[in-house]
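Join the two chains into one complex using the hints; note that each chain is given alone, in its own frame.
Keeping their order, the protein sequence lines are chains A and B.
Reminder that position 43 of the first sequence reads as 43 in this note's numbering, one-by-one numbering, no gaps.
To convert, count from 1 in the second sequence and add 114; that's this note's numbering.
Take the hints with a grain of salt, since some may be wrong.
[What the hints assert, rightly or not] Far from chain B, some chain A residues (derived; all Cβ distances over 12 angstroms): (1) Gly1; (2) Leu11; (3) Val13; (4) Glu15; (5) Gly16; (6) Asp27; (7) Ser28; (8) Ala29; (9) Gln38; (10) Glu56; (11) His76; (12) Asp84; (13) Leu102; (14) Thr103; (15) Arg109.
[What the hints assert, rightly or not] Straight line, CA to CA, 20 angstroms or less: simulated EDC-like cross-link-like pairs of lysine to aspartate or glutamate: (16) A:Lys95 / B:Glu172; (17) A:Lys37 / B:Glu210; (18) A:Lys42 / A:Glu100; (19) A:Lys95 / B:Asp217.
Calculated directly from the structure, the hints in this document are not laboratory data.
Treat the numbers as computed from the prediction; the structure is a model and nothing was measured.
Just so it is clear, CB atoms sit at the ideal spot from N, CA and C, and this is done for glycine as well.
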Amino acid sequence: GENVEQHPSTLSVQEGDSAVIKCTYSDSASNYFPWYKQELGKRPQLIIDIRSNVGEKKDQRIAVTLNKTAKHFSLHITETQPEDSAVYFCAASKKDFGNEKLTFGTGTRLTIIP
Amino acid sequence: SAVISQKPSRDICQRGTSLTIQCQVDSQVTMMFWYRQQPGQSLTLIATANQGSEATYESGFVIDKFPISRPNLTFSTLTVSNMSPEDSSIYLCSVERQRLSTDTQYFGPGTRLTVL
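Bound-form chain B, shown alone (with noise of 0.2 angstroms):
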């Protein structure tokens, strides 16, 4: 498995302004991933981390409202700007390992985010 690290944990934040989520992973790996869990809902793919390059956005979500950053190979960060409510979420993030011969992904803790 992996051990991946997100911070902060939770979070409550008034709307208009920007969080900025960190992700850390104990050893490099090529594939992360942000994904976004609304209250009682499955996972979301906001965003592919490609490290060295800009993030690949999956439709509905835009560079601008969730910019991504993957300055090398174990790290990353999500910043979900001028904020509403309906940003109100869990985002994690999960990255790509090897488990027996196959590339599994796992996760991160997640981060809570609340919005006012």
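So here's chain A without its partners, still in its complex pose (with noise of 0.2 angstroms):
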């Protein structure tokens, strides 16, 4: 089955500074990858998605970005603020293919340093 790995665990980051969280994913046939944010007892929320024919999506301040033939994608926050402070989870599913199952990563800490 899929494995996404996802890399760093934490990060901390100066405010205003940009933050880039990576993940590698196992299965060629992955071909939509989500990014949710969870802030402390809270529910995980979808921040930013994007499919495999697509190389790069942004949204304001956060940007998505894939490489299919390396199998990985990362996330970019820009002009990072204290309110971007969460984990964030990356995950990968093969859509179209009657699977439409997430596969999460790790998750990453982020912590923006006022």
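Pasting the structure below:
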């Protein structure tokens, strides 16, 4: 089955700087890659996603890049703010194959230092 | 997105007992899932709740321990049976809804279970 690795496990960034979180996946048939943000005591919330027919996607300060050949994708957060502090999870799935389940990475605890 | 509610939000249970967690969605959805999130860990899929048929369980999870019902397209239950302290976790349901051109999973608020 699919295996998703995520690095780093913890990341501290000065406010205003950029943060990058990287994930690799094992199944070349995976074609959908969402990112979730989970604040303490809250549910995971989707912040951005990308399909394999796209190499990059941006939404304001957040961007995701995908390298299908290398089987890795990354989350980029620019101009970080204290409210970006949370645990971030990447995930992968094979959409349209009748198997919609998500396999999650191990998570990255991001701390923004004021 | 989707409005998803779970009951109870938290519970403290004695070992050997069972707890049933409910998940309610504001409109019909095809796909519903149940996850477990152990303290400080990632999300692990327990099973896919299928409407009108038996749930599809992931490796390491069995129906006798985690029976699931899905009586209609807006509701599902997960039972944690014969609980032990190792079952202390957050249990989350999720549903697939369309966002732009892609079906995306949205999560319920979770049920925090502590087993003594």
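Hint by hint, here is what the structure shows:
1. At roughly 8 angstroms from the closest C-beta of chain B, the C-beta of glycine 1 (chain A) falls inside 12 angstroms, breaking its exclusion from the interface.
2. With 12 angstroms as the threshold on Cβ separation, the claim that leucine 11 (chain A) sits away from chain B holds: the shortest Cβ distance comes to roughly 16 angstroms.
3. No Cβ of chain B comes within 12 angstroms of the Cβ of valine 13 (chain A); the nearest lies about 21 angstroms off, and the non-interface call holds.
4. For glutamate 15 (chain A), the requirement that its beta carbon stay farther than 12 angstroms from each beta carbon of chain B is met, with the minimum near 25 angstroms.
5. At roughly 28 angstroms from the closest C-beta of chain B, the C-beta of glycine 16 (chain A) stays outside 12 angstroms, upholding its exclusion from the interface.
6. With a least CB separation of 15 angstroms from chain B, aspartate 27 (chain A) remains clear of the 12 angstroms interface cut-off, as annotated.
7. Even its closest Cβ contact with chain B, about 19 angstroms, leaves serine 28 (chain A) beyond 12 angstroms, as expected for a residue assigned away from the interface.
8. Alanine 29 (chain A), annotated as away from the interface, keeps every beta carbon of chain B farther than 12 angstroms; the closest lies near 16 angstroms.
9. The claim that glutamine 38 (chain A) lies off the interface is violated: its Cβ sits roughly 9 angstroms from the closest Cβ of chain B, which falls inside the 12 angstroms cut-off.
10. Under the 12 angstroms C-beta cut-off, the non-interface status given to glutamate 56 (chain A) relative to chain B holds; the minimum distance is some 16 angstroms.
11. With a closest Cβ-Cβ approach of about 20 angstroms to chain B, histidine 76 (chain A) is found to remain outside the 12 angstroms limit, as its non-interface label requires.
12. No Cβ of chain B approaches the Cβ of aspartate 84 (chain A) within 12 angstroms, the least distance being about 19 angstroms, so the stated non-interface status holds.
13. Not every beta carbon of chain B lies more than 12 angstroms from that of leucine 102 (chain A), the smallest distance being close to 6 angstroms; the non-interface claim is violated.
14. Its closest Cβ contact with chain B, about 8 angstroms, brings threonine 103 (chain A) to no more than 12 angstroms, contrary to its assignment away from the interface.
15. For arginine 109 (chain A), the requirement that its beta carbon stay farther than 12 angstroms from each beta carbon of chain B is not met, with the minimum near 9 angstroms.
16. At roughly 18 angstroms between alpha-carbon atoms, lysine 95 (chain A) and glutamate 172 (chain B) fall within 20 angstroms of each other, so this suggested pair holds.
17. Proximity of lysine 37 (chain A) to glutamate 210 (chain B) is assessed by CA-CA distance (about 17 angstroms); at most 20 angstroms being required, the pair is judged to hold.
18. For the hint linking lysine 42 (chain A) to glutamate 100 (chain A), the alpha-carbon distance of about 24 angstroms lies beyond 20 angstroms, and the restraint is violated.
19. For the given pair, lysine 95 (chain A) sits about 9 angstroms from aspartate 217 (chain B) by alpha-carbon distance, which is consistent with the 20 angstroms threshold.
Figure legend: structure checked against the earlier numbered hints; hints not met, in rising order: 1, 9, 13, 14, 15, 18.
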